[in-house]
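Peer 1: Sequence order for the protein chains is H and G. Going by our numbering, the first residue of the first sequence is number 475, and it counts up by one from there. Going by our numbering, the first residue of the second sequence is number 37, and it counts up by one from there.
Calculated from the structure, these hints are not laboratory results. A few of these clues could be false.
What the hints assert, rightly or not - With a straight-line Cα cutoff of 30 Å, these simulated BS3-like cross-link-like pairs (lysine-lysine) come out: (1) G:Lys199 x H:Lys696; (2) H:Lys690 x G:Lys199; (3) G:Lys223 x H:Lys686; (4) G:Lys280 x H:Lys485; (5) H:Lys686 x G:Lys178; (6) H:Lys606 x G:Lys200; (7) G:Lys280 x H:Lys585; (8) G:Lys40 x H:Lys606; (9) H:Lys585 x G:Lys133; (10) H:Lys690 x G:Lys144; (11) G:Lys133 x H:Lys696; (12) G:Lys253 x H:Lys696; (13) H:Lys606 x G:Lys280; (14) H:Lys485 x G:Lys270; (15) H:Lys686 x G:Lys40; (16) H:Lys605 x G:Lys156.
In this text the structure is predicted, and so the values were computed from the model without any measurement.
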Amino acid sequence: MSGVFSPTRAKIKERTLRTDKWWIQPAITFGVLLSFVIYATFRAFEGANYYKDHLISPFYSPCLSEACLPEATILGWTPVSAEIFNFALSPALIILIFPLGFRMTCYYYRKSYYRSFWMSPPACAVAEPHKKYTGETRFPLIIQNSHRYFFYAGLVLNVILTYDAVISFKNPEGEWGHMSVGSLVLLVSSTLLWFYSASCHSCRHTIGGRLKNFSKHPVRYKLWSWVSVLNHSHQQFAWYSLAGVAFADIYVRQVATGAWTNFYFF
Amino acid sequence: MARKINLRIWRGDATDGGLQDVQVEANEGEVVLDVIHRVQATQMGDLAVRWNCKAGKCGSCSMEINGKPRLACMTQVATYGDETITVTPLRAFPVIKDLVTDVSFNYKKAMEIPAFEPPKELVPGEARMQQVDVERSQEFRKCIECFLCQDVCHVVRDHEENKKSFAGPRFFIRIAELDMHPLDTLKNRKRTAQEEHGLGMCNITKCCTEVCPEHIKITDNAIIPMKERVADIKYDPVRWLGSKIRKREGIV
């Protein structure tokens with residue numbers, strides 16, 4: 475017997491004596507994250523319906539495969555073959571590792587999925603079901619220490635997705651100065667991604683957290699102070715940006731399939 | 037206005053014990069420690085409970101109230117309405133008697149943390165620091181050593197065997213406090229945090245932050261920054277290379 479049932483501890487047979495509904499939060503997190511994973515997997519393998527009239531889905535941008543629609547690429551640059559080992563590669567699969575890795579190694583999401591998927595622990599002061607625990611000291615979880623590299627990659631993606639949002643201010647004929655619901659959706663989605671990245675713990679560390687003497691680096695201290703303010707809301711930005719990306723993809727897909735019409739304000 | 041409330045108190049020692057039901061009077065504005073004292077005065081004269089300041093500053097009356105680690109002196113009875121209030125000792129530490137546990141694990145861990153090491157040439161009284169350089173560490177000085185964070189941390193709460201290799205959140209804030217201190221010169225503080233004090237065991241589920249009565253942002257301001265500092269020296273090849281080419285601040 476280990477943990478709260480160890481021989482020297484108070485003899486209490488319940489795993490927890492909490493009387494509140496502690497299971498609701500992990501259950502909701504589990505449901506929402508699982509839904510997103512299922513939808514994202516479907517979309518990543520679909521390989522179609524990701525572009526329409528200067529709107530490109532964030533799941534497929536940058537579109538680097540030879541299989542990409544020419545107008546969905548960045549200046550026609552397609553360095554990746556359409557097939558790998560005779561397997562038709564969806565353009566989304568080439569870039570998915572970066573946003574996926576960024577969120578999987580994110581300090582907030584780690585809390586979320588360790589609690590809701592792995593139940594380690596399911597909630598505070600609720601005994602976990604595992605007999606052994608080594609935390610993030612061994613493979614594969616030691617990879618979590620690479621979060622900063624996914625953060626850097628995420629910044630590159632943010633630039634590209636912002637570029638996509640700017641491009642969406644064209645009408646179907648390619649003329650600038652037009653704005654549609656799609657432009658708004660991509661703009662909000664990319665903005666939320668910037669907030670998510672800027673509030674990241676690795677960003678906070680890189681920008682100034684690693685310093686010992688703030689007084690010697692007043693600019694970095696100022697930047698660190700601003701990022702620290704955003705960092706308080708990292709959890710919120712994590713969810714909002716996830717919802718923003720998912721909705722942007724749904725919107726582009728619906729427009730691409732013809733189910734929805736992209737309304738132009740001007 | 038006084039009313040009767042139902043209280044369940046764990047009574048026993050390391051060999052055996054269980055929850056006992058009592059009814060006790062509670063007055064408006066009273067905290068759980070008040071009603072425990074009333075039970076002790078009127079019904080259970082030998083009830084063991086540790087307490088001292090009754091102001092949320094000494095950290096003595098840590099216990100679990102309806103399953104959550106809390107300070108009994110800072111927990112209003114009214115919070116629970118008509119619900120039965122269940123009071124148990126801290127479940128991560130060996131019980132001594134009733135609500136009193138043996139928290140010596142924490143003192144042993146405290147002794148293992150290398151002390152502050154100022155520059156050798158610094159004469160006592162001559163240390164000069166700017167406020168911006170010490171304000172991060174000051175947050176961690178609010179700790180009252182109630183050990184609620186240590187109690188709730190599943191790394192040791194649910195795995196007794198991890199106690200030998202894991203210092204716990206209270207001592208991670210101590211390590212962070214020293215590592216962020218502008219005058220601390222000890223080398224390898226980051227490396228020992230990871231390799232000897234078990235920083236890598238923490239999976240940042242933030243329960244320590246949730247229970248801290250001083251509202252110290254243990255995870256966001258101490259543990260995660262320390263994990264990032266450890267990544268600088270152990271898991272980031274670019275930073276490592278940079279430190280070899282040019283000595284940079286923070287890489288010690």
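Peer 1: Tell me, which hint numbers fail for this structure?
Peer 2: 1, 2, 4, 7, 8, 9, 10, 11, 13, 14, 15 and 16
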